[in-house]
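*Asks:* Chain by chain, the residues:
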Amino acid sequence: MALKPRLEAPKWVLNILNNIYEIEQKLLLHGDQGNANRNVEKIKEAFLSEGLFYENPFGQVFKETRTDLDASISGDSTENLVVIEVIKPIIRFGKPELSQVVQKGIVVVQTKEEEITL
Amino acid sequence: MSKMVNFGIDLGTSNSLIAKFDKGQVEVFRNPNGFKETLPSIVGFRNDRIMVGDSARIFAEKDPKNVASRFKRKMGTTETVKIYSINGTKTPVELSAFVLKELKNFVHSGESVEAAVITIPASFDTAQSNATKEAGIGAGFKHVVLLQEPIAASLAYANKEKNIDLRNSQWIVYDLGGGTFDVALVKIVEGELKVIDHEGDNYLGGSDFDALLVEKVLVPEINRQGTFVDLLGQMKSEKGKYNTLWHRLLLLAEGVKIDLSTKTSGEFDLGMVRDFEDDNGNAIDSLLTITRSEFEELIKVAIDGTAEMMKKILTRNSLQPEDLNFILMVGGSTYIPYVRKRIEEIMGIPLNTSIDPTNAIAVGAAFFAGSKELKAEGSFKKTSQNKHQIKIRPVYNRNSQESEETFNAKIEGDTTNLFYRINSEDGAFDSGLKVLASRITEDLPLREGAFNLFQFRVFDSQNNVIEVGFDSIQIAQGRYSVAGQMLPEDICLVKDDLSTKDTRLERMFSKNCILPTKTKFTVDVGKTVIKGSDDEIRVIVVEGPAEKHSSTNKPIGILLISGKQINRDLLKGTEIDLTFEMSESRDLTISAYLNGTGQDFSQIFNGKLREVQPRILASEILHLEAKIQTEIDDAIENNNQETAQKLDKLLSQVQSLFAESDILSADDVTDDRYKLEDKKRSLAQEVFHLTSSKRLDVAKADYLETKRSVATLVQGSGNDRELHQLREILALEQAFIHSTNPERIQAATDSLGRISYQIRMRMPDFLIGMFEHLVGERTSMNDQIQAKQLIENGKRLVTSEAWDDLRQVNGRLWDLMPDDERSPEDTRLYTNIV
Chain V
4 MALKPRLEAP
14 KWVLNILNNI
24 YEIEQKLLLH
34 GDQGNANRNV
44 EKIKEAFLSE
54 GLFYENPFGQ
64 VFKETRTDLD
74 ASISGDSTEN
84 LVVIEVIKPI
94 IRFGKPELSQ
104 VVQKGIVVVQ
114 TKEEEITL
Chain D
2 MSKMVNFGID
12 LGTSNSLIAK
22 FDKGQVEVFR
32 NPNGFKETLP
42 SIVGFRNDRI
52 MVGDSARIFA
62 EKDPKNVASR
72 FKRKMGTTET
82 VKIYSINGTK
92 TPVELSAFVL
102 KELKNFVHSG
112 ESVEAAVITI
122 PASFDTAQSN
132 ATKEAGIGAG
142 FKHVVLLQEP
152 IAASLAYANK
162 EKNIDLRNSQ
172 WIVYDLGGGT
182 FDVALVKIVE
192 GELKVIDHEG
202 DNYLGGSDFD
212 ALLVEKVLVP
222 EINRQGTFVD
232 LLGQMKSEKG
242 KYNTLWHRLL
252 LLAEGVKIDL
262 STKTSGEFDL
272 GMVRDFEDDN
282 GNAIDSLLTI
292 TRSEFEELIK
302 VAIDGTAEMM
312 KKILTRNSLQ
322 PEDLNFILMV
332 GGSTYIPYVR
342 KRIEEIMGIP
352 LNTSIDPTNA
362 IAVGAAFFAG
372 SKELKAEGSF
382 KKTSQNKHQI
392 KIRPVYNRNS
402 QESEETFNAK
412 IEGDTTNLFY
422 RINSEDGAFD
432 SGLKVLASRI
442 TEDLPLREGA
452 FNLFQFRVFD
462 SQNNVIEVGF
472 DSIQIAQGRY
482 SVAGQMLPED
492 ICLVKDDLST
502 KDTRLERMFS
512 KNCILPTKTK
522 FTVDVGKTVI
532 KGSDDEIRVI
542 VVEGPAEKHS
552 STNKPIGILL
562 ISGKQINRDL
572 LKGTEIDLTF
582 EMSESRDLTI
592 SAYLNGTGQD
602 FSQIFNGKLR
612 EVQPRILASE
622 ILHLEAKIQT
632 EIDDAIENNN
642 QETAQKLDKL
652 LSQVQSLFAE
662 SDILSADDVT
672 DDRYKLEDKK
682 RSLAQEVFHL
692 TSSKRLDVAK
702 ADYLETKRSV
712 ATLVQGSGND
722 RELHQLREIL
732 ALEQAFIHST
742 NPERIQAATD
752 SLGRISYQIR
762 MRMPDFLIGM
772 FEHLVGERTS
782 MNDQIQAKQL
792 IENGKRLVTS
802 EAWDDLRQVN
812 GRLWDLMPDD
822 ERSPEDTRLY
832 TNIV
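Residue numbers (this note's numbering), protein chains in the order written: chain V, 4 to 121; chain D, 2 to 835.
To be clear, the hints were calculated from the coordinates, so they are not data collected in a lab.
Treat the hints with caution; some may be incorrect.
Only pairs whose alpha carbons sit at most 20 angstroms apart, straight line, appear in this in silico EDC-like list of lysine to aspartate or glutamate [stated by the list, open to error]:
| no. | chain 1 | residue 1 | chain 2 | residue 2 |
| --- | --- | --- | --- | --- |
| 1 | D | Lys-512 | D | Glu-582 |
| 2 | V | Lys-115 | V | Asp-73 |
| 3 | V | Lys-91 | D | Asp-211 |
| 4 | D | Lys-313 | D | Asp-198 |
| 5 | V | Lys-14 | D | Glu-38 |
| 6 | D | Lys-521 | V | Glu-100 |
| 7 | D | Lys-240 | V | Glu-82 |
| 8 | V | Lys-66 | D | Glu-62 |
| 9 | V | Lys-29 | D | Asp-286 |
| 10 | D | Lys-237 | V | Glu-25 |
| 11 | V | Lys-45 | D | Asp-578 |
| 12 | D | Lys-519 | V | Glu-53 |
| 13 | D | Lys-701 | D | Glu-773 |
| 14 | D | Lys-392 | D | Asp-461 |
| 15 | D | Lys-237 | D | Asp-64 |
| 16 | V | Lys-29 | D | Glu-278 |
| 17 | V | Lys-14 | D | Glu-255 |
| 18 | V | Lys-47 | D | Asp-578 |
| 19 | V | Lys-45 | D | Glu-576 |
| 20 | D | Lys-502 | D | Glu-548 |
| 21 | D | Lys-63 | V | Glu-82 |
| 22 | V | Lys-91 | V | Glu-58 |
| 23 | V | Lys-91 | D | Glu-268 |
| 24 | D | Lys-549 | D | Glu-490 |
| 25 | V | Lys-115 | D | Glu-62 |
| 26 | V | Lys-14 | V | Glu-25 |
| 27 | D | Lys-4 | D | Glu-374 |
| 28 | D | Lys-521 | V | Glu-48 |
| 29 | D | Lys-512 | D | Glu-548 |
Sequences and hints are given; from them, build the entire structure.
*Replies:* Below, the structure is given as structure tokens:
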């Protein structure tokens, strides 16, 4: 039994979702005086109603078994990796309870710095 | 008919592909774990797993002790690759076999790959060629045919352009990929394609151009804008301050390089980079532009170098460029316009770009495979049958609240030389190949609130799947778990219902829904709230059956927004975005965003406490009293004395609550408010019970009457679509007419009403009647001059029987009616959201 071929979303749809993600991140970083994030949310909801949604894996654990991320490793260690930069989010198609990856997230990962406890 | 090889494999230094010839066509298979046709030729051994392709590539640079890459160059040598995690070594042949075995997984039809044509560089000697063949046999192919890469590319071209006569031709195959460059002179000698000469560079390709972009363009630009001590050094050093930026820029560079193939400039957008500043804390521009000519200048030396290699070949073979028919461009980097332009410029002969440069070698190999008869020579054994007598006894939780669940299994039978692999169906997890032992264990990541499906497969040493009678793992996370917290009752939003001049409930969360949960609604403001006034918006959430009335259900959260809190008037009809969240401990968060004023309001209501505000309670009692009064009037009118008497008793009980309500202060700390709310709710439930049969009767009568009139209308003047709509409603009649829910019956009546309206709007009598009614209302219209013009126009249209135009005039006249005329509902609203 072979693995099913992956579903593919049209490139222009992925392109729009990637740009919405970028807008969302820029608003988060540089402020949202015009309340544009509400529009971003509404656009995301419109895509969600058609089964397309994205996820930001920032801060998540990265292991070699994850095939929803295309990672570059920063630093010299390859253990206890976490996502520290998200260039493109993971895009999925389906319902939140049953979906498939249609775009791998493109991320930079790095070994998690241990918290110093006093 | 003899069986053909059919499968062609491009076993590349950086990437590999597999394609199949079938009935004259070639299909290039896609990577099931990616969204591309290529598989990186990289093998990793980490944490007891064997990972091939993308997962291994991620670790190739940083964990070279456990990840092997570029081993193709070592084929045919005695050199081995030391792998620290397995405390052993792997030969290049073994590593290549892993890549070939992984490529079998690409064949989605599930058919076994018994034989293949595998391509090799023109430079491969006998030892290297034999090693490649050995790798193929090791991967389980019973027949391996080798084919030189330039020949494969030429075959892809020849099969695409079947009408071109290539007899006595010679050409150069120029192959510039992601990491290697090869060039070969190909000639047709006595009807056969032959590689006459070749050159190459094992360390030149597209990834070098990405690094050049960052190093030679971006870094100097960033240096110009800020003050850095050794920026490039800090970027390239693993422990450097800017090492993360190096990786980010390399990823962006690849995208910009692709952009520059179609545009004259590209942008590095660093707007998403946090704290992008120099050593002194000064911000750096987040948008850096590079022009195509800057990029071309960067790669010029490298491209000129490739042209030099071609010239060498020509010199060695006493040829002039014009002796060649064309230069066949292969490899992803030949998409770069400058590569094409520069090579054509230097060589002065036409380029051939008619084949897909990324998969041409695999396609050519498959065409060749389609013509080669299959002859068994390897040690292929048909092992897909379960001769190992393997039995899997899995143990795992089918429902889980965790983010990861351990899958355990006991394995019975002979597990020697067998492997297993688990992949998630959503494409997010791959265990890699793991040795099958008598007990296996694997931590499976679970998506929150989702149904997680995994595929379990057992493989023999040649990567053939063995049927073991167990192939699927299913784990429901969170919401599907029976252990999850479930809602005992519906949770509803109270809204004003203008048609009944009452409130109605809209279900937000259904009974038995698993917590936590969240939903969003957009509602409209029912009546303008003036800034500074005491008017308010009430977002009331109640617990109880959605088909009942708000007064009968338990209030669990009320978010009040008054005119004193808003920064400008909130106009009727503007939208309010409402978000409701309920935590596992049933804390309710109500958030409202007023689109009209741009303000956010939010409040959390404790799940263990009931939300009863004395002021709201008082108004609810008042509302209940008015409702009972109306019902009594109704009952008397319908000569239903018994109900009227019972309602009368309830009325006096409700009125007695006024006194209790009056003495409650807004900050009352006793539980009096809850007792009072209980009494009110119990009375409301009795009213609801007493009147439910009446409301049902009214709804049924209304439905039957509407059905009769609409059926007549459809029969006389309806079209096919309207007849179909009517039939759809009637088909469901038995389901709603016997329900105890008047709202369901009312919804069907409304649907019938819409059909009736559609038909009437086409009927001249109705349009004329409507026009005459509007003419009668002229004096109250908002714009008298416009009204006059429209009425005169309407009269002309009636005479000329232009019904479509008259419909439009009616619409415009209707728009001129004052608001209270257009919606003559009682403007006293309870929640002010509709």
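*Asks:* Against which earlier hints does the structure fall short, listed by number upward?
*Replies:* 10, 13
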